[in-house]
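Student: Sequence:
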Amino acid sequence: MASAFPQKAKAGLCALISCCFQPSHSPEPTDESICSGNFDRVVKFGFVEPVRLCHNCAATAKNENGFYEKHLPLLETGDLFSKYGLLRKRHVLLKFVRDKNFFQYQKVDPESRAFEGEIKAIPLDNITDVRGVDASQDNADVGIVIAVGDQTHRFDATTALKREQWVEAITSAQSVRGALLAAERGKRAKQVEKENEEIRRMSENLQKMEERRTSFQEDRIRRRAEKREQLRAKYNLAAAS
Numbered sequence: 001m002a003s004a005f006p007q008k009a010k011a012g013l014c015a016l017i018s019c020c021f022q023p024s025h026s027p028e029p030t031d032e033s034i035c036s037g038n039f040d041r042v043v044k045f046g047f048v049e050p051v052r053l054c055h056n057c058a059a060t061a062k063n064e065n066g067f068y069e070k071h072l073p074l075l076e077t078g079d080l081f082s083k084y085g086l087l088r089k090r091h092v093l094l095k096f097v098r099d100k101n102f103f104q105y106q107k108v109d110p111e112s113r114a115f116e117g118e119i120k121a122i123p124l125d126n127i128t129d130v131r132g133v134d135a136s137q138d139n140a141d142v143g144i145v146i147a148v149g150d151q152t153h154r155f156d157a158t159t160a161l162k163r164e165q166w167v168e169a170i171t172s173a174q175s176v177r178g179a180l181l182a183a184e185r186g187k188r189a190k191q192v193e194k195e196n197e198e199i200r201r202m203s204e205n206l207q208k209m210e211e212r213r214t215s216f217q218e219d220r221i222r223r224r225a226e227k228r229e230q231l232r233a234k235y236n237l238a239a240a241s
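In UniProt numbering, the protein residues as written are 1 to 241.
Do not take every clue at face value.
Said to hold, decoys possible - Keeping only pairs whose Cα atoms sit at most 25 Å apart, straight-line, the calculated DMTMM-like set for lysine to aspartate or glutamate is: (1) Lys-120 with Glu-184; (2) Lys-162 with Glu-184; (3) Lys-100 with Asp-134; (4) Lys-100 with Glu-168; (5) Lys-95 with Asp-109; (6) Lys-89 with Asp-40; (7) Lys-62 with Asp-134; (8) Lys-89 with Asp-99; (9) Lys-44 with Glu-118; (10) Lys-83 with Glu-49; (11) Lys-83 with Asp-129; (12) Lys-100 with Glu-76.
Simulated from the structure, these hints should not be mistaken for lab results. The structure presented is a predicted model; accordingly, all values stated were derived computationally and were not measured.
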């Protein structure tokens, strides 16, 4: 099954296995390394039957399963919307491109499904808000507003139900993406902390080596001085002026 996955999916599956399938005891037990009694599906990697998961992976799977099972198929299939421009509105097909992590839309003829014009993209990471249109505006029951900073994109769905489904799906995509980025930041922070600790240990070891070298040199000088004094005393020699 894993051979059919893209490279990123393979890496994620390997991370899941290495995280969850650990010995039941370790020298320094942590939530990440101890097997637990959590069981859940992992839809992201095709596990549609519950599998045993560690504490962290169980929480992640719980957050992601609904998105990958319900919302992602909707977003990737796409749907027809009316897109508001400066002077007019037009029919567009809006969909999510998972590999590039953005939403794209393009003008389309709703009858022939023929596309025309350029493809425009809205990066998921740049979306700051997604909501329904204010009730005071026309067609508010079907309108969606996707905000990218100060810029807003309005799309009108064909029905109020589709509007609600898309708002929920985009919000879910933001949640899953945010959790993934937070996990990556946490992992990177731990790696940086580990690297800094290694650098600190190396610095301490070098300092100790330098201290031992200095101490050895001082001790050697002291022993030589004592030896000279012993020789002077033995042969009644005057100290050098």
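Student: Are the hints correct? Go through all of them and say.
Tutor: Against the structure, the hints come out as follows:
For the hint linking Lys-120 to Glu-184, the alpha-carbon distance of about 28 Å lies beyond 25 Å, and the restraint is violated. Restraint check: the Cα-Cα separation between Lys-162 and Glu-184 comes to about 33 Å, which exceeds 25 Å; the hinted pair is violated. Taking the CA atoms of Lys-100 and Asp-134, the gap is near 31 Å; set against the 25 Å cutoff, the hint is violated. A threshold of 25 Å between alpha carbons decides the hint, and for Lys-100 with Glu-168 the separation of about 21 Å falls inside it, so the pair holds.
This hinted pair checks out: Lys-95 and Asp-109 have alpha carbons roughly 16 Å apart, not beyond 25 Å. Between Lys-89 and Asp-40 the alpha-carbon distance is near 45 Å, which puts this suggested pair outside the 25 Å criterion. Note on Lys-62 and Asp-134: the hinted pairing is violated, with a Cα-Cα distance of about 32 Å set against a maximum of 25 Å. Restraint check: the Cα-Cα separation between Lys-89 and Asp-99 comes to about 29 Å, which exceeds 25 Å; the hinted pair is violated.
Simply put, Lys-44 and Glu-118 have alpha-carbon atoms about 32 Å apart, too far for the 25 Å limit, and the pair is violated. Distance check on the hinted pair: Lys-83 and Glu-49 sit about 40 Å apart at the alpha-carbon level, beyond 25 Å; violated. Straight-line distance between C-alpha atoms of Lys-83 and Asp-129 comes to about 17 Å, which keeps the hinted pair within the 25 Å bound. Restraint check for Lys-100 and Glu-76: the C-alpha separation of about 12 Å stays at or below 25 Å, so the hint holds.
Of the hints listed earlier, those the structure fails to meet are numbers 1, 2, 3, 6, 7, 8, 9 and 10, in rising order.
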